[in-house]
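J.: Taken in sequence, the protein lines are chains A and B.
Under our numbering, the final residue of the first sequence carries the number 1385; numbering is consecutive throughout.
Under our numbering, the final residue of the second sequence carries the number 1385; numbering is consecutive throughout.
By construction, these hints were calculated from the structure, which means they are not laboratory data.
Be a bit skeptical, because a hint or two may be false.
For chains that are exact copies, the list does not tell them apart, and a pair is met inside one copy or across any two.
[Stated by the list, open to error] Below, in silico cross-link-like pairs of lysine to any residue (SDA-like), each with a Cα-Cα straight-line distance of 20 angstroms or less:
#, residue 1, residue 2
1, K1246, H1330
2, K1145, A1073
3, K1304, E1124
4, K1378, R1344
5, K1155, G1101
6, K1313, F1218
7, K1103, M1361
8, K1255, R1344
9, K1246, L1293
10, K1304, P1143
11, K1378, I1345
12, K1276, S1286
13, K1103, H1362
14, K1378, A1339
15, K1255, I1345
16, K1066, K1378
17, K1255, A1335
18, K1378, P1307
19, K1126, Q1314
20, K1066, K1126
21, K1276, E1091
22, K1255, F1336
23, K1255, H1330
24, K1313, E1124
25, K1378, V1254
26, K1246, D1234
Spelled out, the chains give:
There are 2 protein chains.
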Amino acid sequence: GVVFISALIYSMVTGDKQSLAADTPSIAEQDTLRKRESGITATSPMRLRMEALIKAKQREIVRALEAIDGGKFLTDTWTRPNGGGGISCVLQEGKVFEKAGVNISIVYGTLPRKAISQMRVNHKALDPDVESLEFFAAGLSLVLHPNNPMAPTVHLNYRYFETANADGSTNAWWFGGGTDLTPSYLFDEDVIHFHRTIKEACDQHDKNYYSRFKKWCDEYFSVKHRGETRGVGGIFFDDLDESEKDQESLFAFSSTCLDAFLPSYLPILKRRKDMPFTDREKQWQQLRRGRYVEFNLVHDRGTAFGLATPGARIESVLMSLPLTARWQYMHEPEIGSREERLMQVLKQPVEWVE
Amino acid sequence: GVVFISALIYSMVTGDKQSLAADTPSIAEQDTLRKRESGITATSPMRLRMEALIKAKQREIVRALEAIDGGKFLTDTWTRPNGGGGISCVLQEGKVFEKAGVNISIVYGTLPRKAISQMRVNHKALDPDVESLEFFAAGLSLVLHPNNPMAPTVHLNYRYFETANADGSTNAWWFGGGTDLTPSYLFDEDVIHFHRTIKEACDQHDKNYYSRFKKWCDEYFSVKHRGETRGVGGIFFDDLDESEKDQESLFAFSSTCLDAFLPSYLPILKRRKDMPFTDREKQWQQLRRGRYVEFNLVHDRGTAFGLATPGARIESVLMSLPLTARWQYMHEPEIGSREERLMQVLKQPVEWVE
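Isolated chain A, as found in the complex:
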């Protein structure tokens, strides 16, 4: 989970729309009307196109994961009177997945002044002189924890954010997201495949994206108190707005990244999900799960924000946690072991593709 997702959850609680002017329809009202009258097309506002994209991708990913696991996701759907809503899909104790969560959230809400001034650091288009702003946020977030310790955990999140002027026109907007891989045992070919697939997706849009966002990912997913990264990285980006590229290009980039997810991960999962493993290897996976919990509870900005929000949907905020985890005092991998090799890579991030 990243900041944005908690912003979504936050708004689910507090963001009931207060009409800014009684005679101006809110963006939620405009969007509801638009969807009813003409559906969602390539000329619809970005809000509706993003909503359509993440809904389609959630269905596609859930279907693919069910096919590989054999089990069914449980689906929780909620709607909000003002037009927002969310769908949480969770599969627990499956044949392949210990725990898998694939969530979308679509939120129409109101940003208070304090949030606006915080966001202005990265988005100068935001008007600092208003008491509140209507906003829209939509995102897809997933975390998959497989049973087999040879199969890596994967995380993905893509999101779009927009604020509206008093007349309902778009004020500021930006995209964020990324995906990263967290193995317990390192198979170089897996990590190279994952990074290469992401890089190819990035390269279609900008030859600099992969290296910029790979570095950002290593920096963000750092378990600072351990001096190690959470996993072997991937990409991470936030606040991509008109100062980066036009809206259409960034939507296309996010869409390509989402398309790349199943090709980046499924071949790895298929290779690893039925590999033999020992109790000792399962235990190492459990220790690594503990580190995942440490990152998510101690360092992840989105989780912190969600947990600090009175009345937030805690089960959604904490859906990223593994089913099981372990903390063993002073555990040290043996010199020359596979476990030690992983730790070296986590302490010193590697360039996996040229």
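Given chain A, put chain B in place with the hints provided.
T.: Same frame as chain A, now just chain B:
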């Protein structure tokens, strides 16, 4: 763990004594000399008496826990060139304990200006106009996680803090501490026994202590994002200084509390450690362990302080985490079940003794 323990660890890293005046011996030097010349007696400075107390209590508690478990604690001892040191005793995967840690730390160090101004909120005796202050800190901290889900987890921490004037005399000092019980299954007689034993210890010193410190404990050990307490409470206090009572009385109070630990907990452990239990009950314990992790990683001030300290001994900071834990999406105890009964008590703290 509480704030203090991390202050200890912090100082283990950064607190190398910088002589304030070359001709004035540091309190560490004074104490080393005193111990060599005359040992520790009832007329020694409080620093040395506290050190002797927690060392004796650590030995006593470790011995009693080994007797009940049958296993041996691993002991890590470290010393610091300037006179401080620590002893970590940990027993993992024992017959009775999944994980048990009993730590002491004794630290001589230097408080930077920023820490002084933060501490001044509670301790007006601290001089706000100095760049740094010598300090001493000593504490005993323990967390016991038994295997059997019918046997509760218990936490205890007692600590003493002191700052020195430039001439080596005592400037400010205070005591802190407490103990609290975290069952997965509620046995009223256990909780009543625990609270009654603590109350009797408190009542020997002040008839108001138990009710004040019981309330403080319920407030501090609150898993705020879940709207529940970590366990069924006990006592918690901090910053008890001359505005509360004289040093001698507060030392005697801490000493009585430490004496009360084994009588408060061992009878409960003996009743529960060999009780039969089902897989489902073990799993509920694992879910409750997850909540313990959530409190310690998200809310505990001492853990946060320790993790934010560059170079801290992370294995000591996180020794309080259970060996294993579990997070299950949307788990709800059945209506009328024992699990639900526990949740009711955690959502609405109970007065266990009059």
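J.: Taking the hints in turn, state whether each one holds.
T.: To see whether the hints hold, each was checked on the structure:
no.	hint	in the structure
1	K1246 <-> H1330	within (18 angstroms within a copy, 30 angstroms between copies)
2	K1145 <-> A1073	neither (34 angstroms within a copy, 56 angstroms between copies)
3	K1304 <-> E1124	within (14 angstroms within a copy, 29 angstroms between copies)
4	K1378 <-> R1344	between (34 angstroms within a copy, 17 angstroms between copies)
5	K1155 <-> G1101	neither (48 angstroms within a copy, 65 angstroms between copies)
6	K1313 <-> F1218	within (16 angstroms within a copy, 34 angstroms between copies)
7	K1103 <-> M1361	between (39 angstroms within a copy, 16 angstroms between copies)
8	K1255 <-> R1344	between (27 angstroms within a copy, 13 angstroms between copies)
9	K1246 <-> L1293	neither (22 angstroms within a copy, 52 angstroms between copies)
10	K1304 <-> P1143	neither (46 angstroms within a copy, 52 angstroms between copies)
11	K1378 <-> I1345	between (31 angstroms within a copy, 16 angstroms between copies)
12	K1276 <-> S1286	within (15 angstroms within a copy, 66 angstroms between copies)
13	K1103 <-> H1362	between (36 angstroms within a copy, 17 angstroms between copies)
14	K1378 <-> A1339	between (30 angstroms within a copy, 18 angstroms between copies)
15	K1255 <-> I1345	between (24 angstroms within a copy, 11 angstroms between copies)
16	K1066 <-> K1378	neither (49 angstroms within a copy, 43 angstroms between copies)
17	K1255 <-> A1335	both (15 angstroms within a copy, 12 angstroms between copies)
18	K1378 <-> P1307	neither (27 angstroms within a copy, 44 angstroms between copies)
19	K1126 <-> Q1314	both (18 angstroms within a copy, 19 angstroms between copies)
20	K1066 <-> K1126	neither (39 angstroms within a copy, 63 angstroms between copies)
21	K1276 <-> E1091	neither (28 angstroms within a copy, 67 angstroms between copies)
22	K1255 <-> F1336	both (18 angstroms within a copy, 13 angstroms between copies)
23	K1255 <-> H1330	both (8 angstroms within a copy, 18 angstroms between copies)
24	K1313 <-> E1124	both (15 angstroms within a copy, 16 angstroms between copies)
25	K1378 <-> V1254	within (10 angstroms within a copy, 32 angstroms between copies)
26	K1246 <-> D1234	within (15 angstroms within a copy, 59 angstroms between copies)
Hint compliance for this structure: hints 2, 5, 9, 10, 16, 18, 20 and 21 are broken, all remaining hints hold.
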